[in-house]
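Mind docking chains B and C on chain A? Use the hints.
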Amino acid sequence: MSDMAVMWLFLLGKILLFFGIVFGIVAPIMIWVERKVAGLVQDRIGPNRVGPFGLLQSLADGIKLLLKEPLLPREVNKPYYLLAPIISVIPAALSFAVIPFGPPTTLGGLFETPQRLQIASLNVGLLFVLAVTSLSVYSVVLAGWSSNNKYSVLGALRASAQMISYELASGLAVVSVILLSGSVDLVHIVDAQQKIWFIFPGILSFFVFLPAIFAETNRIPFDLPEAEAELVVGYHTEYSGIKFGLFFLSEYSIMTTVSAMAVLFFFGGWELLPGFTWAQAGIDIQNTLIGTVLATSWFALKVIVFLFLFVWVRWTLPRFRYDQLMGLGWKRLLPIAIFNIFIIAGVMAF
Amino acid sequence: MVHVSIAHILFLSFGLFCMGGCGFLIRKNALSLLICLELMLNGVNVALVGFSRFYGNESGHILYFLVITVAACETAVGLAVVLNLFRLKKNIRMDEATNLKG
Amino acid sequence: MMAPADILFFALAALILLTGALVAFRPRPIESALWLILNFFLTSALYVLLGAHFVAVIQVLVYAGAIVVLFTFVILLLNLNPQELGAGQAVPWTSFVLLIGTITAILLCFHVATPELLRPLPKLSHPDTFGTVESFSVYLLKNYVWSFELAGVLLLLAVIGVGLLAYRKPKSVHGSSQQKDSSKTQGQKGAA
Chain A
1 MSDMAVMWLF LLGKILLFFG IVFGIVAPIM IWVERKVAGL VQDRIGPNRV GPFGLLQSLA
61 DGIKLLLKEP LLPREVNKPY YLLAPIISVI PAALSFAVIP FGPPTTLGGL FETPQRLQIA
121 SLNVGLLFVL AVTSLSVYSV VLAGWSSNNK YSVLGALRAS AQMISYELAS GLAVVSVILL
181 SGSVDLVHIV DAQQKIWFIF PGILSFFVFL PAIFAETNRI PFDLPEAEAE LVVGYHTEYS
241 GIKFGLFFLS EYSIMTTVSA MAVLFFFGGW ELLPGFTWAQ AGIDIQNTLI GTVLATSWFA
301 LKVIVFLFLF VWVRWTLPRF RYDQLMGLGW KRLLPIAIFN IFIIAGVMAF
Chain B
351 MVHVSIAHIL FLSFGLFCMG GCGFLIRKNA LSLLICLELM LNGVNVALVG FSRFYGNESG
411 HILYFLVITV AACETAVGLA VVLNLFRLKK NIRMDEATNL KG
Chain C
453 MMAPADILFF ALAALILLTG ALVAFRPRPI ESALWLILNF FLTSALYVLL GAHFVAVIQV
513 LVYAGAIVVL FTFVILLLNL NPQELGAGQA VPWTSFVLLI GTITAILLCF HVATPELLRP
573 LPKLSHPDTF GTVESFSVYL LKNYVWSFEL AGVLLLLAVI GVGLLAYRKP KSVHGSSQQK
633 DSSKTQGQKG AA
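Protein chains in written order, with the numbering used here: chain A, 1 to 350; chain B, 351 to 452; chain C, 453 to 644.
None of these hints come from the bench; they were simulated from the model.
All figures in this text were calculated on a predicted structure; none of them were measured in a lab.
By construction, the Cβ of each residue, glycine as well, lies at the ideal position given by its N, Cα and C atoms.
Accuracy of the hints is not assured; some may be wrong.
[Unchecked claim] With a Cα cut of at most 27 Å, we get these calculated BS3-like pairs of lysine-lysine:
#1 A:Lys150 - C:Lys623
#2 A:Lys78 - A:Lys36
#3 A:Lys331 - C:Lys621
#4 B:Lys439 - B:Lys451
#5 A:Lys150 - B:Lys439
#6 A:Lys150 - A:Lys78
[Claimed, not checked] Covered by chain B, per the in silico footprint, the following chain C stretches (three or more residues, Cβ under 8 Å):
#7 475 to 489
#8 497 to 509
#9 587 to 596
#10 601 to 611
Isolated chain A (complex conformation) (with noise of 0.2 Å):
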């Protein structure tokens, strides 16, 4: 096979991979564990009927959704109450294409030069996701304001308001991650937290980010414009069926990439432990096919943990009120991460 021919089939294998886990395994079983983890925390079983353990209640859940008569609310506005799912999914899936899911690999000898196990290797990747998350208030907006119900429209402009304002803190939260690597290409990012991870110096910035992205994906204990008993189910009342599904699913899938993000930014990627690389435990991590694999699955291993950690939260905390959200996002994260970044700077600098 010539050069260009492996190098597409290659990148066709990445995308039909990715896609394929994100959105075909690792959202099913998402919700799977969340209902699961929910049944365990509250002292019951949880689903134990579809399958064994309950494994198949999300294709369960997922054909039912197919299979539901599609409702169309009559005084909808028809164009942009069925553009706003599509648009949800929309920044869920483009934000994968910068995400690096293993180290730069020759796959065990098959290309001369490592490849890079990303879709679209930019050397802007961190801003990328950063703008292509942020496009997903739109569909917040388009949602409610379409829906014609007024629980609709409150429901969505408070999460779009929570959204923008979290967008801020997490996006000042990561400046500090760039100014510790000194680059905004992910595998950069990973490569230079070969001798200490981000965590360490960042402690801070981490704790900036990690409710910054809690409440981008509005989950708990940020997820008032959603609150069941509050406002029915906030921006998507109307909607059932897939176009709920697609809701759903994008959901999960952001949730899988601020996983991977703060995995990336501040645990190393997939770096074994911190000062301590695969290279010194002996393995090739670049050459041998067997290296690349651990690698991968390694940082998998703490995407998922990050997921685990979202699922866990939400059985675990009460939710804030919407103006101590908004008075946490504004009046305090804020000026951490703002403080946070000078002492960075100031460290660096001396």
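Same frame as chain A, but now just chains B and C:
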């Protein structure tokens, strides 16, 4: 990589600017006015980035940054003004905002 | 046969102009805002084609992801009826004159474009580092430090100005029953 001339980029910029300008002069809704203003600024930005590419210099990018900064500030202040106009007159038609006329 | 990059450029330019026309001439502001998002996205793609990677991402991050969100917010908050929009009125004759004048001006530009302007873009001397964050920031902080600082001050002034302009003291509980018309906007403002 791309072999178009600077003239093509400038035509695009001029076209965007003129459409934004036309829209700006026609519209009665204050928000649509501000949106057309953004379109005009976008046209200017295309020209700046095009020139930056033409000379192989980053100065156009820096000026682009300053234009974006100014656009963001002006949008925020303009929207605050529109909000106040709405509170005063309960609608935002530009042909009714004539208190200071004559 | 043009290179694929050229075809892409012309396709992008045509789409940018089309969405720009849709922004300028749609009656409702929410539609203008949505087409504006698409316009900014396409412009960002154009910037990538011109090698300005950092600028392209900033375009999406700031313009499409923050400024247009501001617009969308205000459109949502004001929640206007069609009477208040001013839609459905006849387009005045001045706009047609302007449109014709624009087309004439563009055609005039085609006529007077010198051959020098129509040459292809020169090759970059350092294509790998042109438009990256590093080269941009080095250039900015080496040559344009004052502009950078002034931009920061301008942003601060804008924040203060918006806070002053848009702030309204929350009305006391006793006065709200008598003021029915302003309490509706107050409620919308309080929900945000």
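Point to revise | Given pair status - Lys623 (chain C), Lys150 (chain A), alpha carbons within 27 Å | key: 23 Å, holds
**Study point:** Given hint Lys78 (chain A) paired with Lys150 (chain A) - CA-CA distance at most 27 Å
**Key:** 17 Å, holds
Review point. Can the restraint linking Lys439 (chain B) and Lys451 (chain B) be considered satisfied, given a maximum Cα separation of 27 Å?
Key: 16 Å, holds
Check your understanding: Holds or violated: the segment 601 to 611 of chain C covered by chain B, criterion of 3 or more residues with Cβ-Cβ distance under 8 Å?
Key -> holds (count 6)
Review point. Given the hint that Lys331 (chain A) pairs with Lys621 (chain C), does the C-alpha gap stay at or below 27 Å?
Key: 19 Å, holds
Check your understanding: Against chain B, does the segment 497 to 509 of chain C show at least 3 residues with beta-carbon separation below 8 Å?
Key -> Check passed, 8 qualifying residues.
Practice item. Would you mind confirming whether the straight-line C-alpha gap from Lys150 (chain A) to Lys439 (chain B) stays at or under 27 Å? Key: OK: Lys150 (chain A) and Lys439 (chain B) at ~24 Å, within 27 Å.
Review point. With a Cβ-Cβ cutoff of 8 Å, does the segment 587 to 596 of chain C contain at least three residues near chain B?
Key: n = 6 at 8 Å, threshold three: holds.
Point to revise | Hint consistency between Lys78 (chain A) and Lys36 (chain A) [alpha-carbon to alpha-carbon, up to 27 Å] | key: 36 Å, violated
Review point. For the segment 475 to 489 of chain C, do at least 3 residues have a Cβ located nearer than 8 Å to some Cβ of chain B?
Key: With 7 residues in contact (Cβ-Cβ under 8 Å with chain B), the coverage given for the segment 475 to 489 of chain C holds.
In this structure, only the earlier hint numbered 2 is contradicted, and the remaining ones agree with it.
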